[in-house]
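Undergrad: Now for the letters of each chain:
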Amino acid sequence: MSPSLKQTTEPDKVRLRIYRFDPAIDRAPRYDSYEVPHTPRMRIMDALDYVHETLAVDFGYRWLCGSKKCGTCAVNVNGSPKLACWEEAQPEMTIEPMDNMTVIRDLVTSRDPYEAFLAKLQPLVIRKREYSGFPEPLTEADVASAVHLRDCIQCLACQSVCPVLQQPDSGFAGPALLVALSELSQDPRDEGDRAKMAAKEAQVFKCVSCYECERVCPVEIPIVGEAIEPLKRLAYREKSTPGARRAGAFLDSVKKLGYVNPSEVALKTQGITWNGLRLAFRMALRGKIRLTDALFKRPSPGAETIKTTYDAGESR
Amino acid sequence: MKRTYAYFPGCSAKSTCSELDLSTHAVAALFDVSLIELENPGCTGAREFRAISEQLHLTANGRILALAERNGCDLVAVCDTCLLNLTETNRRLKEDSEARDAVNRALAAEGLVYRGAIEVKHFLWVLTEDLGEESLRARVVRPLRSLRAAPFYGCHIQRPKSIYGEDGEDAPALDRLINVLGGEVVRYAGASKCCGFHVVNVDQKIAVRMSGSHLGNAVAGGAQCVVTPCPLCHTVFDAYQPSMERQSRDPQATPILHVSQLVGLAIGLSTEALGLSRHVVGCADVLAHIGYSRDRTGALPQLPA
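Respectively, the protein sequence lines represent chains A and B. So the first sequence is numbered by this note's numbering: it starts at 1 and just counts up by one. So the second sequence is numbered by this note's numbering: it starts at 1001 and just counts up by one.
Everything labelled a hint here was simulated from the structure, so no lab data went into it. Fair warning: this is a prediction, and the values are worked out from it, not measured in the lab. Among the clues, some could well be false.
To be verified - Calculated lysine-lysine pairs in the BS3-like style (CA-CA distance at most 30 Å, straight line):
hint	chain 1	residue 1	chain 2	residue 2
1	A	128	A	68
2	A	239	A	200
3	A	239	B	1205
4	A	268	B	1193
5	B	1094	B	1121
6	A	68	A	13
7	A	239	A	268
8	A	268	B	1205
9	B	1193	B	1205
10	A	297	B	1193
11	A	196	A	256
12	A	120	B	1205
13	A	128	A	196
14	A	268	B	1014
15	B	1193	A	256
16	A	307	B	1094
17	A	200	B	1121
18	A	307	B	1121
19	A	196	B	1205
20	A	239	A	196
21	B	1094	A	255
22	A	307	B	1002
23	A	200	A	268
24	A	307	A	255
25	A	307	A	268
26	A	255	B	1121
27	A	268	A	256
28	A	255	A	239
29	A	200	B	1193
30	B	1161	B	1205
31	A	69	A	13
32	B	1121	A	256
33	A	68	B	1193
34	A	297	B	1205
35	A	68	B	1014
36	A	256	A	297
37	B	1014	A	255
38	B	1094	A	69
39	A	239	B	1014
Work out the full structure: start from the sequences and follow the hints.
TA: As structure tokens, then:
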């Protein structure tokens, strides 16, 4: 953790290194350094404002509400995404646009891919028939499971640190979109086919469960446990996707054997592939598996009992 | 002082990473740590049970906790993902009596009950916290001679922050351990990142790219090996390393060690006792660096009977 200004002797200056890049005129990004007078309880945004108003009028950054609501001011500060309007200025700050995004100018990144993807997920309550009364009754219990998801301010900090989104053409929606989709899927009024959207459009099973998104969420949404996993449970019904097949094969294996047989799970998820065969031979050569494992392994003596208990648990 | 723990090896240590189970037992024995292996414990469900049913997830993990509690001692895991599943479930069942009752109703048929009396820890923490650095250092007979080891923590031993706290990310247990054993910690971008294991069956390319970039960074930082407390990370880095090399066209052949193997080498256990031949990427360079072959001509410390 970097030292807080409050605890140390208050410095009279804040030193900033700011990423500057205008794709229309610059050949490459550069970093400009600025010194800004420190003021009591200074926020990151106050420092950016000073730079813009006093030192570099052409400097581009984005903000709207200044009070942790609009989600437009998130930037990377010393390598980690922060809401500029909400976090305290540090004595030394390297400020960059968030990762995983196209730079429009300086710290301003494009929200277009996010918004286009969101539109595909039909982010509104889908009703098949019109509701006769108004307003529709919605109790506290109806929204209880999704109550934290409603805190999302769409700052996209989570999208910027998601390692799957860092891979080209992953097809994965990313945490912020899954939060939006999950909220709708848990809305009792919604009749959209959210299971299919989660499985096919959002490809929820490509989440690696690394919890990087939760680490940076400024409003502390339990993204994996309360947004992504409920969606996986929905998408599990779409048995045609590899992720759902894997989950099913995994459970079947444990119920049959009393432990999981990774070879069988891989075979049932992917089918027979060159990559799979090469991997199996490589591992068999070192005694990690037997080539027959995918087809047969002996159940443990407790397999029956384990299955009975799991079935009892699952049905509750 | 003899320390006793209930031991849940998990599915990897019992199949694709059997060398982890082997080396954990070997190291524990030398430190007078008794590991009572649970009988027919089932599975923590990796990330799969929780993607099917929350009740199934709680029941499967509650069952393992109940089996451990019957032994009257804390539970030790050697896999990051098992550790998180068990730790999360343990906290939930301790705090939420309704959830605990539901799990106990499912467990009742086999005469099991979980009361919430035990803690869950990783074998890494047994070494660094329960035994402590001094007793580790006292046992080192074959110091690692500044072997440049890149720690790879894996996600589920440090995140989410709701379980491990804000500073989980900086938890330096493995760094400290490497130093105590006489190794040198390689600093690189990636030590606390994700290996991609949980999508490797779903989209191998994603996992291979993710871990390939971490491995590339570790090697660029001078790493002679990677050390991990998680067999799932181990599997990606070791068994899929040839795929990473095909993708990056950069042959690296970097040995990947389990924590227990690195400790075992430093405290003088044999390569057989540590299962070092069971890796896809061979460990000869590491052994040569620490002078293993010369040690063999002298007497190796024997495992206690």
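Undergrad: Need the list of violated hint numbers for this structure, in ascending order.
TA: 1, 10, 15, 17, 22, 35, 38
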